[in-house]
Amino acid sequence: GQQVMQIPQYQHVQEGEDFTTYCNSSTTLSNIQWYKQRPGGHPVFLIQLVKSGEVKKQKRLTFQFGEAKKNSSLHITATQTTDVGTYFCAGDPDKLSFGAGTTVTVRA
Amino acid sequence: GAVVSQHPSWVICKSGTSVKIECRSLDFQATTMFWYRQFPKQSLMLMATSNEGSKATYEQGVEKDKFLINHASLTLSTLTVTSAHPEDSSFYICSASNQRGGLETQYFGPGTRLLVL
Numbered sequence: 001g002q003q004v005m006q007i008p009q010y011q012h013v014q015e016g017e018d019f020t021t022y023c024n025s026s027t028t029l030s031n032i033q034w035y036k037q038r039p040g041g042h043p044v045f046l047i048q049l050v051k052s053g054e055v056k057k058q059k060r061l062t063f064q065f066g067e068a069k070k071n072s073s074l075h076i077t078a079t080q081t082t083d084v085g086t087y088f089c090a091g092d093p094d095k096l097s098f099g100a101g102t103t104v105t106v107r108a
Numbered sequence: 001g002a003v004v005s006q007h008p009s010w011v012i013c014k015s016g017t018s019v020k021i022e023c024r025s026l027d028f029q030a031t032t033m034f035w036y037r038q039f040p041k042q043s044l045m046l047m048a049t050s051n052e053g054s055k056a057t058y059e060q061g062v063e064k065d066k067f068l069i070n071h072a073s074l075t076l077s078t079l080t081v082t083s084a085h086p087e088d089s090s091f092y093i094c095s096a097s098n099q100r101g102g103l104e105t106q107y108f109g110p111g112t113r114l115l116v117l
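As you go down the protein sequences, you meet chains A and B in turn.
Position 80, counted from 1, in the first sequence is what the numbering used here calls 80; the numbers after and before it change by one each time, with no gaps.
Position 4, counted from 1, in the second sequence is what the numbering used here calls 4; the numbers after and before it change by one each time, with no gaps.
Rather than coming from a laboratory, the hints here were simulated on the basis of the structure.
Note that beta-carbon positions come from the ideal geometry of N, C-alpha and C, so glycine has one too.
It cannot be assumed that every hint is accurate.
Among chain B residues calculated to face chain A with C-beta under 10 Å, some are [to be verified]:
#	residue
1	Ser43
2	Gln106
3	Gly111
Simulated DEER-style distance windows between Cβ atoms [claimed, not checked]:
#	chain 1	residue 1	chain 2	residue 2	range
4	B	Gln42	A	His12	12 to 22 Å
5	A	Gly40	B	Lys64	22 to 32 Å
6	B	Gly61	A	Thr27	19 to 29 Å
7	A	Ser52	B	Phe28	26 to 36 Å
8	B	Glu87	A	Val55	23 to 33 Å
9	A	Ala68	B	Ser15	29 to 39 Å
10	B	Trp10	A	Val84	21 to 31 Å
11	B	Asn70	A	Glu17	41 to 51 Å
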């Protein structure tokens, strides 16, 4: 079964607002990766976190890896219409396991 | 970033025919390639992992005789859906990694949409 759980499944955001999507694993991960898939497109790598407690930023996106390396979060500030898509986390206790994704829609 | 191509991007075929999908890493040597399928509004489901020059490792529930994988070179892997049926209709995506075991970043191809009539 799926080892990586992601919540929420859907996120409808007002343009300009912030939101966070969470990723949880039942086992300790060696690293966690985040991908974005635009509607009709394929997953595109965003970032990889390796260290416990690691925080990385990409412009308006902030990625965090939990201290226990079992959870991660993606926080987007000042959401824009270009942020529309599905965000997947993927972790690998032994092989890469994808979460179900958080599908983000934005209302202008 | 690394580029992975997939061909064809769209396939429509009759039930019972076989379909071959190619996945190529264009600017790096991929020791490991992965094949996923994705149903609408669902996550990626790993079908199999293939290492160059060795047999693919299939995930539980994936029929190896139905989904034939060949990884003949460090830049090419193929997935053949044999005797395709309508339930095989899906979005098939390959990814490539330049690390054994795929613990490094996976670069995804653009995907192949298969429709079996």
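request  = Could you work out which earlier hints the structure fails to respect and list their numbers in ascending sequence?
outcome  = 8, 9
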